[in-house]
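**Q** Protein chains in written order, with the working numbering: chain A, 1 to 131; chain B, 1 to 184.
Simulated from the structure, these hints should not be mistaken for lab results.
For every residue, glycine included, the Cβ atom is placed at its ideal position computed from N, Cα and C.
Please note that the accuracy of each hint is not assured.
[What the hints assert, rightly or not] Label pairs and their computed distance ranges (CB to CB): (1) B/Gly166 <-> A/Asp127: 22 to 32 Å; (2) A/Ile110 <-> B/Ile7: 47 to 57 Å; (3) A/Arg118 <-> B/Ala162: 21 to 31 Å; (4) A/Ile110 <-> B/Gln102: 19 to 29 Å; (5) B/Ile12 <-> A/Lys119: 14 to 24 Å; (6) B/Ile7 <-> A/Asp127: 51 to 61 Å; (7) B/Phe153 <-> A/Arg118: 36 to 46 Å; (8) A/Val69 <-> B/Ile12: 21 to 31 Å; (9) B/Asp125 <-> A/Asn117: 51 to 61 Å; (10) A/Ile110 <-> B/Leu113: 19 to 29 Å; (11) B/Ile3 <-> A/Lys119: 49 to 59 Å; (12) B/Leu87 <-> A/Asp127: 41 to 51 Å; (13) A/Val99 <-> B/Pro8: 27 to 37 Å; (14) A/Asp124 <-> B/Leu113: 18 to 28 Å.
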Amino acid sequence: MIRVFVGTALTGAFVVGLGLIGLAAGGSRSLNAYLVLSGLLFAIGMFGFLARRNAISMLMSIELMLNAVNLTIVAFGTFVPKLAASAQGSVIALIVIGVAAAEATVGLAIVIAIYRNRKTPLVDEYDAMSQ
Amino acid sequence: MEIGPTIPFTGIPWDDALFVLLAGTMLFAGILVVTMRDIIRCGLAMMLCFGALAGIYVMAGAPLVAATQVLVYIGAISVLVLFAIMLTQSKVGPTRLVFQTQAVPAAAASVILTVIVLLAIASTDWGGSPAPPKATDTAAVAESLFTDRVLPFEVVGVLLLAAVIGGVFLAKRERTPGGEDPGA
Chain A
1 MIRVFVGTAL TGAFVVGLGL IGLAAGGSRS LNAYLVLSGL LFAIGMFGFL
51 ARRNAISMLM SIELMLNAVN LTIVAFGTFV PKLAASAQGS VIALIVIGVA
101 AAEATVGLAI VIAIYRNRKT PLVDEYDAMS Q
Chain B
1 MEIGPTIPFT GIPWDDALFV LLAGTMLFAG ILVVTMRDII RCGLAMMLCF
51 GALAGIYVMA GAPLVAATQV LVYIGAISVL VLFAIMLTQS KVGPTRLVFQ
101 TQAVPAAAAS VILTVIVLLA IASTDWGGSP APPKATDTAA VAESLFTDRV
151 LPFEVVGVLL LAAVIGGVFL AKRERTPGGE DPGA
């Protein structure tokens, strides 16, 4: 039941978002299309982070959100003339990718360390603090 | 035979069609990542999502970022995630609940966030140029990265070193005092 509701809501948001991208003036030539896309991807990642039980799924959702932010950075770097002249968008995006790689490494190592202690990857069974 | 700037008989520019195709692939794969039951398939959908996003980077005029996206995300982080999934997969498999009890409020919060973001985007004049995106010069990226932005670059290097050391420290088995590594 929950899955059906969630799936319907997300698919609706997906279709509405695609329509907005299509309607946005200029399509792939406008900054708005990239921003809408990035906002949708961020919302999907936020839903995954809040709703999934598996710790690794939550980390994957964090990766989606990081990529959404990166897309925003690249879009602004391309479409704002002052940033485009000195290629600052690509520079910042590359640095963010490096930081995200470090985050993924440490996050997955923490998940594996917890799994070794608790024998489960499900976050709602990590209840040592509430006992 | 020459291919025109638009799709024949429809008048839709090719780059708009490609953009919508890549955007749809990315969003659909993203939804699969957060909703599918089998977590291995979630990881594979994540790779698809990152691949489509790399294509969008190319369309946005950042080919170097697209190449880095393929190398780092599809090549490294996805493989890392898949290994972590295989290490933590329990024998019972994905038969149990995928979502927490807060899934419905989470979905509502995501939809609200989407609406707010869309309203903010629609009502703001970003002052961007309406010209088609031009590919960023890789030499300009390198020059900026190694002259003006060299301090952040070096700090990221140190951060990656710290992450490697921290990852090894966190993921290694603890030794029993006075004994050999029990699992090795």
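**Q** All hints are to be evaluated individually against the structure, with a verdict given for each.
**A** Status of the hints after comparison with the structure:
1. B/Gly166 <-> A/Asp127: 22 to 32 Å: 25 Å, holds
2. A/Ile110 <-> B/Ile7: 47 to 57 Å: Once the Cβ atoms are compared, 49 Å apart, the range 47 to 57 Å for B/Ile7 and A/Ile110 holds.
3. A/Arg118 <-> B/Ala162: 21 to 31 Å: 26 Å, holds
4. A/Ile110 <-> B/Gln102: 19 to 29 Å: Since the Cβ atoms of A/Ile110 and B/Gln102 sit about 22 Å apart, the hinted range of 19 to 29 Å holds.
5. B/Ile12 <-> A/Lys119: 14 to 24 Å: Given a distance of about 54 Å, which is not inside 14 to 24 Å, the answer is violated.
6. B/Ile7 <-> A/Asp127: 51 to 61 Å: Holds, at about 56 Å.
7. B/Phe153 <-> A/Arg118: 36 to 46 Å: About 38 Å separates the Cβ atoms of B/Phe153 and A/Arg118, which means 36 to 46 Å holds.
8. A/Val69 <-> B/Ile12: 21 to 31 Å: Holds, at about 30 Å.
9. B/Asp125 <-> A/Asn117: 51 to 61 Å: 53 Å, holds
10. A/Ile110 <-> B/Leu113: 19 to 29 Å: With Cβ atoms ~27 Å apart, the hint holds.
11. B/Ile3 <-> A/Lys119: 49 to 59 Å: Since B/Ile3 and A/Lys119 have Cβ atoms about 58 Å apart, the given range 49 to 59 Å holds.
12. B/Leu87 <-> A/Asp127: 41 to 51 Å: With Cβ atoms ~22 Å apart, the hint is violated.
13. A/Val99 <-> B/Pro8: 27 to 37 Å: Taking Cβ atoms as reference, A/Val99 and B/Pro8 lie about 45 Å apart, which means the hint is violated.
14. A/Asp124 <-> B/Leu113: 18 to 28 Å: Since the Cβ atoms of A/Asp124 and B/Leu113 sit about 23 Å apart, the hinted range of 18 to 28 Å holds.
In summary, the numbered hints that this structure violates are 5, 12, 13.
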